[in-house]
Every structure is written in C-alpha cells, then in structure tokens.
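Asks: full-length UniProt numbering numbers the first residue of the sequence shown as 1 and each following residue consecutively.
It is possible that part of the hints are untrue.
To be verified - Pairwise CB distance ranges, derived in the manner of DEER restraints:
{"hint": "1", "residue 1": "122", "residue 2": "23", "range": "18 to 28 Å"}
{"hint": "2", "residue 1": "122", "residue 2": "160", "range": "27 to 37 Å"}
{"hint": "3", "residue 1": "122", "residue 2": "18", "range": "36 to 46 Å"}
{"hint": "4", "residue 1": "75", "residue 2": "110", "range": "20 to 30 Å"}
{"hint": "5", "residue 1": "122", "residue 2": "97", "range": "25 to 35 Å"}
{"hint": "6", "residue 1": "122", "residue 2": "41", "range": "37 to 47 Å"}
{"hint": "7", "residue 1": "116", "residue 2": "149", "range": "40 to 50 Å"}
{"hint": "8", "residue 1": "21", "residue 2": "119", "range": "16 to 26 Å"}
{"hint": "9", "residue 1": "105", "residue 2": "13", "range": "34 to 44 Å"}
{"hint": "10", "residue 1": "99", "residue 2": "119", "range": "35 to 45 Å"}
{"hint": "11", "residue 1": "148", "residue 2": "41", "range": "20 to 30 Å"}
If you are wondering where the hints come from, they were derived from the structure by calculation, not from laboratory data.
Cβ coordinates follow ideal geometry from the N, Cα and C atoms, glycine included.
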Amino acid sequence: MDAADLETELSRYLVEGRRLRYRFEGAPDLHLSNFGLDEHGNGGYSFSIFESEVVGELRWGTPALSILVESGKVYAIKAYDFSFPGEPAHGLVYKGRLSGNIGLGSPLSEVLSLSSLEFDDAEEWFYTSCDYGVLEVSGWGGSLDDEPNQLITAICVISA
C-alpha cells in the first residue's frame, strides 16, 4: 500500500479531526501522536491511547500502534503492549495472535517453538528467521540468555 492510499484509509477512522482522535474497529480510541513523511517518503504514524489516564505512569507515552512508511510505501505495522497485567489498560491491548497462540504479553521464549530468534544488540529487539516471516519481536531490551523470562512487549510485521 502506498502512503496516499494509507492516508485515505486512515481518514475513514478519524472521528475528531481537531484532536486527531481515531476509532478503529474493535479497538479503544487512539490519538495520532506523531506523523509525517520526509522528502523521500520515509516516516510514519504513531498512535497512543486517547484517554491517557487509563495508561499507568510507567507506560504513559508508549504507543499502541505504529505504521512505518519507507520510500512512500507501507513498510511495517507494529502493535505495542502499553500496560502491565492488572492495570485497566491491559484489557485494551491488541489481542491478535501469531500461530501457537502467541501475542503481546506472552513469554518471548514461546516464539522459539515457531522460529529461531536473532537478537539485535543495537536496536534491542529480536528478528524471526525468514522461513517464518519477517517479524520483529520486542521484549525487555536484552537477550534471552540475559533475561530468559521476558514478555513480548511489541510485535512488528515487516513487508517482505
């Protein structure tokens, strides 16, 4: 999908333009907190929970959804866990699942049943093998050797 088509599609979900409030099907209202493309068509959109008081202080400002654009085309879509278990916001987190019923908040080590993981020290996230698909999975910013009990805090689907 190119950036112009994405903008047209996103406009269908805009419910309050002045406040950049979006309502996606089956999701809490989101605020478009950051957006824009540079002269090369690189950039994207970042959405956070509209009602910021729902999100705990330690996760305030964490996006709920990002759409990344590269050279004028949608490059990746990333969903984040912006809550801790037991917080009111926990019920608002994206509930989609990878095969094996793995999703946000699942133990990161469970992904190993589907794919090998390569940890990127610089970016502090993991990549799945190309055989599984092109996914970026985030935990707590360390390798599984250092932090074996990490939970999945973000899942990013990258276009091939």
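Asks: Each hint should be assessed against the structure and marked as holding or not.
Replies: Hints versus structure:
no., hint, verdict
1, 122 <-> 23: 18 to 28 Å, "violated, 36 Å"
2, 122 <-> 160: 27 to 37 Å, "violated, 22 Å"
3, 122 <-> 18: 36 to 46 Å, "holds, 39 Å"
4, 75 <-> 110: 20 to 30 Å, "holds, 26 Å"
5, 122 <-> 97: 25 to 35 Å, "holds, 29 Å"
6, 122 <-> 41: 37 to 47 Å, "violated, 24 Å"
7, 116 <-> 149: 40 to 50 Å, "violated, 19 Å"
8, 21 <-> 119: 16 to 26 Å, "violated, 37 Å"
9, 105 <-> 13: 34 to 44 Å, "violated, 25 Å"
10, 99 <-> 119: 35 to 45 Å, "violated, 21 Å"
11, 148 <-> 41: 20 to 30 Å, "violated, 40 Å"
Hints 1, 2, 6, 7, 8, 9, 10, 11 from the earlier list are contradicted by this structure; the remaining hints agree with it.
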